[in-house]
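So the protein sequences, as listed, match chains S and C.
So in our numbering, the last spot in the first sequence is 424, and the numbers never skip.
So in our numbering, the last spot in the second sequence is 384, and the numbers never skip.
Don't read these hints as lab results, they were simulated from the structure.
Idealized CB from N, CA, C, for every residue including glycine.
All the given hints hold, so there is nothing to weed out.
DEER-style ranges, computed between Cβ atoms:
| no. | chain 1 | residue 1 | chain 2 | residue 2 | range |
| --- | --- | --- | --- | --- | --- |
| 1 | S | Thr264 | C | Pro291 | 40 to 48 Å |
| 2 | S | Gln362 | C | Arg213 | 56 to 64 Å |
| 3 | C | Leu279 | S | Gly82 | 16 to 24 Å |
| 4 | S | His164 | C | Arg369 | 32 to 40 Å |
| 5 | C | Arg369 | S | Pro294 | 54 to 62 Å |
| 6 | S | Asp331 | C | Pro291 | 53 to 61 Å |
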Amino acid sequence: MIELKNVSRRYGDVEAVRGLSFSVREGEVCVVVGPSGCGKSTALKMMNRMLEPTSGEVRVFGKDVREYRPEILRRRIGYVIQSVGLFPHMSVAENIAVVPKLLAWEKKRIDERVEELLHLIGLDPEVYGGKYPSQLSGGEAQRIGVARALAADPPILLMDEPFGAVDPLNREVLQAEFAAIHRRLGKTVVFVTHDLDEAIRLAGRIAVMEKGSLVQYDTPENVLAHPANRFVTSFVGSDRALKRLSRFPVSAVMRRPVAVGVSDDIAATVGALGKERKIRFLWVLDEEGRLRGWINVWRVSERVSIEEATTEATAGQIAVRQDASLKEVLSRMLAEGIKVVPVVDRDDRVVGEISLADIERITEEVDSQWQVEEREGRS
Amino acid sequence: MAGGRKRGPLIGWLPLAVLAGLFSVMVLDREALRVVLSALFPGVRDVIYPRASLVSLLGEHLFLVLVSSAAAVAVGTAVGIYVTRPAGRDFLKIASDLSAFAQTVPPVAVLALSIPFIGFGQKPVLLALFLYSVLPVISNTVAGLEQVPALYIETALGMGMTPRQILLRVEIPLALRLIMAGIRTSVVVNVGTATVGALAGAGGFGTPIVAGLVRENPAFVLQGAVSAALLAFILDQTLARAEIGANEPGGGREEK
Numbered sequence: 046m047i048e049l050k051n052v053s054r055r056y057g058d059v060e061a062v063r064g065l066s067f068s069v070r071e072g073e074v075c076v077v078v079g080p081s082g083c084g085k086s087t088a089l090k091m092m093n094r095m096l097e098p099t100s101g102e103v104r105v106f107g108k109d110v111r112e113y114r115p116e117i118l119r120r121r122i123g124y125v126i127q128s129v130g131l132f133p134h135m136s137v138a139e140n141i142a143v144v145p146k147l148l149a150w151e152k153k154r155i156d157e158r159v160e161e162l163l164h165l166i167g168l169d170p171e172v173y174g175g176k177y178p179s180q181l182s183g184g185e186a187q188r189i190g191v192a193r194a195l196a197a198d199p200p201i202l203l204m205d206e207p208f209g210a211v212d213p214l215n216r217e218v219l220q221a222e223f224a225a226i227h228r229r230l231g232k233t234v235v236f237v238t239h240d241l242d243e244a245i246r247l248a249g250r251i252a253v254m255e256k257g258s259l260v261q262y263d264t265p266e267n268v269l270a271h272p273a274n275r276f277v278t279s280f281v282g283s284d285r286a287l288k289r290l291s292r293f294p295v296s297a298v299m300r301r302p303v304a305v306g307v308s309d310d311i312a313a314t315v316g317a318l319g320k321e322r323k324i325r326f327l328w329v330l331d332e333e334g335r336l337r338g339w340i341n342v343w344r345v346s347e348r349v350s351i352e353e354a355t356t357e358a359t360a361g362q363i364a365v366r367q368d369a370s371l372k373e374v375l376s377r378m379l380a381e382g383i384k385v386v387p388v389v390d391r392d393d394r395v396v397g398e399i400s401l402a403d404i405e406r407i408t409e410e411v412d413s414q415w416q417v418e419e420r421e422g423r424s
Numbered sequence: 129m130a131g132g133r134k135r136g137p138l139i140g141w142l143p144l145a146v147l148a149g150l151f152s153v154m155v156l157d158r159e160a161l162r163v164v165l166s167a168l169f170p171g172v173r174d175v176i177y178p179r180a181s182l183v184s185l186l187g188e189h190l191f192l193v194l195v196s197s198a199a200a201v202a203v204g205t206a207v208g209i210y211v212t213r214p215a216g217r218d219f220l221k222i223a224s225d226l227s228a229f230a231q232t233v234p235p236v237a238v239l240a241l242s243i244p245f246i247g248f249g250q251k252p253v254l255l256a257l258f259l260y261s262v263l264p265v266i267s268n269t270v271a272g273l274e275q276v277p278a279l280y281i282e283t284a285l286g287m288g289m290t291p292r293q294i295l296l297r298v299e300i301p302l303a304l305r306l307i308m309a310g311i312r313t314s315v316v317v318n319v320g321t322a323t324v325g326a327l328a329g330a331g332g333f334g335t336p337i338v339a340g341l342v343r344e345n346p347a348f349v350l351q352g353a354v355s356a357a358l359l360a361f362i363l364d365q366t367l368a369r370a371e372i373g374a375n376e377p378g379g380g381r382e383e384k
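Just chain S, same shape as in the assembly (with noise of 0.2 Å):
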């Protein structure tokens, strides 16, 4: 999909890019990875033509890219840069319409494109198809920003640090949007960031870039598992065992919930539950089967209530979402002092849990399996 042959870029006397060669196939995503200065951003505009190379071949669509017109090459790629640059004197609606605009689509097909992206990515088309960026906070323009590169549905997606400017929290949740937006639609995706945790959470493979050039371009695993030589060592960090939790989801790892209706009876539950199975705690759900809190088992008496009994919890508190990875399960525990979270939905109802047990099985796997590649990689 997308071809770097030997490519460079001079600014006067200083090469940004040194003989660069990598391609990205078709539904994957690239995350190009390096300290700033390292000529990521530079590779990355190569590609539609924001830059040229001094030397090499940029490929795109399988045709070098000095074949097209520059905008109607970006025309088919969409482009998000860290600061959205959504213009402040038109709507979100006509932000997300521009590049429809530019290619003269029928203006009822614009309207419905524009509803359908912003359902996409889970913001009210009522509300803000006509609100003016000036309106939105940092998250909900970040989001319109890709919206917005997605408008014409280009097969290809660049991303310069499009979460760098969001606060971390934030971050985290756009990552997961994207991952899942990734996973419906498949775009070929080439990601620039500076943030590991990032590139290691959204790579399909990553490319680790130094001084212009690509030491190493494999998939997250093996870049945390093996890394190329001495500067991915110390980029990579002494906390890669820690890092690698983030490669695995939550719904992957998660138990079925023990849990109790809070009208339930207390005597039946904890006599069937608790001293059978030695559970130490129960999650409370409401009617729905949202978190309401958390029993006990070993410190109630058969004589209360479950409602009596419960420990107030909202799942803000306590729990995790079932898209997250098992980094932020580990620092909520951490940070909880608990050894047992439970796994909500969208909707905060409990899907799951998942213990501090489980996180040290799968610790110990892959500890196991990076051994064994090691000793046959090194043989």
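For chain S, the structure is supplied; the task is to place chain C on it using the hints.
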């Protein structure tokens, strides 16, 4: 949200409506004007300028202002756009130096210099007014286009706009407020400066002022001067409203 936004402009139109009412009474109702002027100047026998009605003077005045301003807006914005394009950027410095210099030359001087070449009448006045009012239009157009953040231009480029589309869909809309302010300045300055046109025989509200000065009739001077002042106010307010209109899209920002 809609309610708050709608009430604002209505109140904004109020001073304009009052001034326009006052102006039409003054121009159209000779008797009322005579009563007021006689009361102000009891010693003066003829208080109304006799050679031309205020209506016909208004026509002449508006002709001078509108023709010269229209030309100034057309030429000024075109020049302003040209010198901010890659092709014309070499002329940017010359254009801004020239506009700064020309603004220091008084319009009477331009008039005096052009009469020997063009003769008396409306032509030298139109030229002087044009030269004088094209400058704020150029400098504001340049300032407006230059202050558009590079970020939006780069974004527009990255989305596949051609330079022309970037100009029309991004740069001009974002510069519109400053461009409109330049047009407003130029028109208002022209209304005042056009009174000088009477010296070259171009008519307008300057005529009773000149006649009043020659004949020592303060009532003539006052009706010419007040008419010109009111006209300037009215055009200024009208354009100010249009300026707010131009801001409306981005103007939602105060409602956050």
